[in-house]
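Colleague: Bring the two chains, given one by one in their own frames, into a single complex with the hints.
Top line first, the protein sequences correspond to chains P and X.
Residue 1 is where the first sequence starts when you use the numbering used here, and the numbers rise one by one after that.
Residue 50 is where the second sequence starts when you use the numbering used here, and the numbers rise one by one after that.
These aren't lab readings, by the way, just hints derived from the structure by calculation.
It cannot be assumed that every hint is accurate.
Unchecked claim - Simulated crosslink set (DSSO-like; lysine-lysine; CA at most 27 Å straight-line):
| id | chain 1 | residue 1 | chain 2 | residue 2 |
| --- | --- | --- | --- | --- |
| 1 | X | LYS342 | X | LYS252 |
| 2 | X | LYS342 | X | LYS584 |
| 3 | X | LYS552 | X | LYS342 |
| 4 | X | LYS342 | P | LYS22 |
| 5 | X | LYS584 | P | LYS22 |
Remember, it's a predicted structure, so these values are computed and weren't measured experimentally.
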Amino acid sequence: MTAIKDNQASVADAQEWARRKKNNVRLAYLMGGIAVAIFLISLWKYRPL
Amino acid sequence: MAHDLAHDLPHDAAHDAHHQPGGLMRWIQTTNHKDIGLMYLIFAFVMLLTGGAMILGVRAELFKPGLQLMQPEFFNQLITLHGLIMVFGFAMPAATGLANYMLPLILGAPDMALPRLNNWGFWILPPAAIMLTLPFFLGVFGVGPGAVDTGWTMYAPLSVQSGWGMDFAIFAVHMLGVSSILGSINVIVTILNMRAPGMTLFKMPLFAHGFLVTAILLITIMPVLAGGVTMVLMDRHFDTHFFTAAGGGDPVLWQHIFWFMGHPEVYVLLLPICGVVPHVLSAFARKPVYGYKAQVYGMWGIGALSVVVWAHHMFTSGMSVGGQLYFMYSTMLISLPLAVLFFCWIATIWRGSLSFETPMLFAVGFVILFGWGGLTGLVLADAAADPQYHNAYFLVAHFHYALYPTTVMGAMAGVYYWLPKWTGHMLDERLGRLHFWVVMIGFNLTFIPQFLVGLAGMPRRIPDYPVMFSEWNLLSTVGAFILGASHLIFIYNVVKNVRGGVKSEAKSWEGAEGLEWTVPSPAPHHTFDVQPIVK
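Chain X with its partners taken away, still in its complex shape (with noise of 0.2 Å):
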């Protein structure tokens, strides 16, 4: 067993390139780090499109008030798919991808260090999310209930009665979750145990250092949301009574159990991207890092917060006021080590040679847009004010103003920033920039209005709403569409630079540092056979 998992490195690594199997098969059997990480970005992306295509039939549902298309139990099911494809599906396969691809570029290592164990992690998706959908797809055709319809939420007792597209999300989520752990475990020896020679934790780029405390929060979260699913599973079907009221069960429990999994994730899905912008922010700067030491002790201040905070998502279902005061003090005091991460942002590019290509263009929106996000979770964050909002529209926002810039913007960042090291060609900066003015627009005309309507009392998860909403909802929608379309930019951009362009050299920006800028561009299917060592 101990040998199945720990491929030999580099010996069996060597073999790969000679012996490698041609066509499908390739990627079937690949436990080679830039395969695996190009299909877990693939993978992502086909998601972030299909969860895309799902909100945006939410949103023309909202286009103006009256049901127009579709009933409210189809509404359900899109945006609690949406919700759990942005999540699960979407954003941590992308940042899972962009570890496996750049971290053993970024450590000096031939590869990660379970590289099998990497290909099960991967190849554990494609089923979970035809396990998601299927039920979705059956529905539409007439067959079956259709998909779970609870909210991403699956807030009990609703998931306790819901029809039976809630067992197969059950067991997607399971599946999602255990190919998360081992992408998890794979991050963590590969970080810990191979970086090169004279690579101390303290002279580790930051990239690494966000993945790390990412990894060691999804394997202390995700088991314990599998233990709530699986107590789900069970009152459904095998007369539990964890969440039944009836039985002396308590759903608040529920409540716990999944907000104590929900609230990291959000920083889950930053801490990536808090790593992988100081690099892109640097490089456009043309100057060291800001406050290096101080990045990582933020990151890892978020991340011991963010566990014992998660209650604040429940200050609408009834607390104690100390129970309130705590969740609500110790919710603010995360913001601490977030400014800290801001200071050392702006402080980096402050009186730098600037310049704005594309990568800069989207690590400076998000600096932009997830300070937003930020500070209106602020507001959330207080007990007081809370009730007024959390049900509303400002909520969603709140929360996609956090999230769309993280896990999209700043994803885009690290790939625009590290596609020249991939494919060898250099991007097309006309088509990077119009993408990035097109989300700009797009994202803004979504959300902002949603701030409006929301502090105007409009309720969120509604699928019809009062004619006093209709311009903001009718300009969100159209912002919608817009954000949509401009996914088409970056499709087109890709596929344009891999198939050719201008050669990029080894260092393909003149202000980037670190190892995986010494290796040729595109990187060379093995890269560290022969060790760097760090001085």
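Next up, chain P with everything else stripped away, as it sits in the complex (with noise of 0.2 Å):
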């Protein structure tokens, strides 16, 4: 927490934002997937028999 206050440096930031958008996207189908796995599991464990 301390560490945050003490430092305000620039750095040119456009590519590191374009690198990371990549791994945005993949993390969040990664998230929206195990969403819909829990989702479909749960409806496939209690399926009448």
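Modeller: Structure, rendered in structure tokens:
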């Protein structure tokens, strides 16, 4: 916490955000996939026999 | 598709400022985290007033014994909608609103990771709210059977047999669940992938840790509820028998599914505030947060334990002794990481240079009142004692002591704390303090009597009661209306703050720490186009 306030050094960051964007989408699909999988498993587990 | 989800940042973000549509379209199309956060917060507050107005109707009916204002069926609709609206319509969107507005500012990011997904997540909410409440308003005008009337727990088989208000509620829950999952995905991706260089997970402010645990919990539990309400829908319309005993189903299965979501949901509402409150306590004690790592581990501990204790809500439904013992002890175990958080909060302000501005009042109020909620929860976690209290007003008072200080007072602490950063004006302290004390009086006057009538045996969810409970119920109703009126003070204070006031500096509070206080007040439309570096 205390380290946060000290430094406001600036860097050109457009490339940095572009690099991260790709990872953002991958991670989002992974999280969405997990949510859909849990939904389907919860239905499948208790399906009528 | 990938391109749609990941709005170009900050390149496109810079465009937004120049090509922003005006009027309503600005708000419909916006991908800016502050705009979306603001919409979430306003939506949540409107729902708070809606759900609050409904429960004032309930309290008016309970003002004295004897049916006076409404029929029992209408009473049931009011308490059901109050619960669903407050949990899914107010508390969860309010937390998402705070996350949206503050996470990029706190993490040193230009925006949320997935701004278009963010926009979509919000705009699912208004139709969902309409879907949830429409049958109620139609019913008021004599059209249809009215809203869902099963209680917010939607227990089977009542939910399988209930009128078509239940179908509307099922679809509303689906939409609200999708919205919260989209919001959670955004929070997780933003926290894991958008932090300023140098901000490791253990340098990240506690605010972000609270929301990270919350988002992971939501992605774990909301799909299970979606699965459960889908089963109810199929039982209602497609002749399945998940929950109908006559067809070989099991009504208790619904309770397990619901509470697998419902109990962690309590922590979904609590953990964001566990992230907010240390910021406020630290700022107004003018001391660093005490036990940073202990608080982080405490929040993760609470999150992990919260998904394995759900059946303590079902002690009165019948359970093996072994099951009762497991769920009793595991539930009590949660009090350990919670106690760690309490200890750290108290140690943060211990021997600090304290001042009690409005955010601090609400934060301390949260700690005290939520402590009561936690302690009374231990009583209910006891499998032997629980049947005495479970379906009585004691339980109602307990969970309101757990949830109101969290979702309203904790959120108010955060809103008052960061309001100068949002509007650029310092708030009216006199009105803020008035708001706090009216809340304290109204809240305690409402719910202390409910502990007492609950201990004396007054059951919950009834529109009428024996004369012996009259006095306490009268006081509780008076308290509820005072509590309701307190929100008018909040509205007036916020409107006044938006319209003007003493200009706030970048650092609005003397003891405040964090990246958000390094940018001007109000924060610019795009906050960190140039990344800060944290050492």
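Colleague: Checking against the hints above, which ones are violated?
Modeller: When the structure is compared with the hints, numbers 3 and 4 turn out to be violated.
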